[in-house]
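For the numbering used here, add 3 to where a residue sits in the sequence shown, where the first one is 1.
There's no promise every hint is true.
Claimed, not checked - With beta-carbon atoms standing in for the labels, derived distance ranges:
#1 L103 / R36: 22 to 30 Å
#2 R17 / W74: 42 to 50 Å
#3 D70 / T42: 13 to 21 Å
#4 R151 / I20: 31 to 39 Å
Derived from the structure by calculation, the hints contain no laboratory data. Cβ coordinates follow ideal geometry from the N, Cα and C atoms, glycine included.
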Amino acid sequence: MSDDLHQTASGKRRDVISWDEFFMSVAIAAQRRSKDPNTQVGACIASTNHRILSVGYNGTPSALNDDFFPWGTSDDPLQDKHNYVVHAEANAVLNYRGSLKDLEGSTVYVTLFPCHDCAKILAQVGVGEVVYLDNKYADTDDGRISRRILDSCGISYRQVIVDVQIGTGGQARQ
4 MSDDLHQTAS GKRRDVISWD EFFMSVAIAA QRRSKDPNTQ VGACIASTNH
54 RILSVGYNGT PSALNDDFFP WGTSDDPLQD KHNYVVHAEA NAVLNYRGSL
104 KDLEGSTVYV TLFPCHDCAK ILAQVGVGEV VYLDNKYADT DDGRISRRIL
154 DSCGISYRQV IVDVQIGTGG QARQ
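Please put together the full structure from these sequences, using the hints given.
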């Protein structure tokens with residue numbers, strides 16, 4: 004065994020990030036694409052053999068010009084963002100270009116615990132596990148309904164805490 008704590012006897016690195024850290028980092032990077040000023044959510048769907056199947060973030064449908072639609076909440080349904088935004092988990096499922104059957108048993112890494120509508124979508128496509136970063140709505144009716152759906156469908160869920168530094172936007176360096 005090497006004296007270096009960061010390498011094995013063969014010389015390969017030992018201090019690599021875990022699969023959970025990797026896939027959650029992808030979800031965190033995806034959430035940075037969201038234009039929502041209050042809640043940015045990212046999702047990454049990973050196969051059972053550790054391959055990225057799809058990625059999504061919360062935003063308006065791609066054909067919709069989001070400059071002309073609200074990004075705030077309102078009592079007026081026409082001015083409430085919730086009526087125009089597609090959630091990250093739904094976008095990740097919709098962005099997947101393979102057979103939805105291939106999503107069976109997959110793991111969804113999401114930066115915010117799924118709402119009840121997204122829980123239904125994830126259950127419908129056969130997701131096996133949800134790994135989330137935050138669950139700020141845990142004590143709400145929506146949070147309880149989401150957990151009830153996941154529990155009833157045999158979908159496990161767990162929280163992971165990761166420490167990642169993702170770029171803050173701007174121009175890419177070449």
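Verification of the supplied hints:
| no. | hint | result |
| --- | --- | --- |
| 1 | L103 / R36: 22 to 30 Å | holds (23 Å) |
| 2 | R17 / W74: 42 to 50 Å | holds (44 Å) |
| 3 | D70 / T42: 13 to 21 Å | holds (19 Å) |
| 4 | R151 / I20: 31 to 39 Å | holds (33 Å) |
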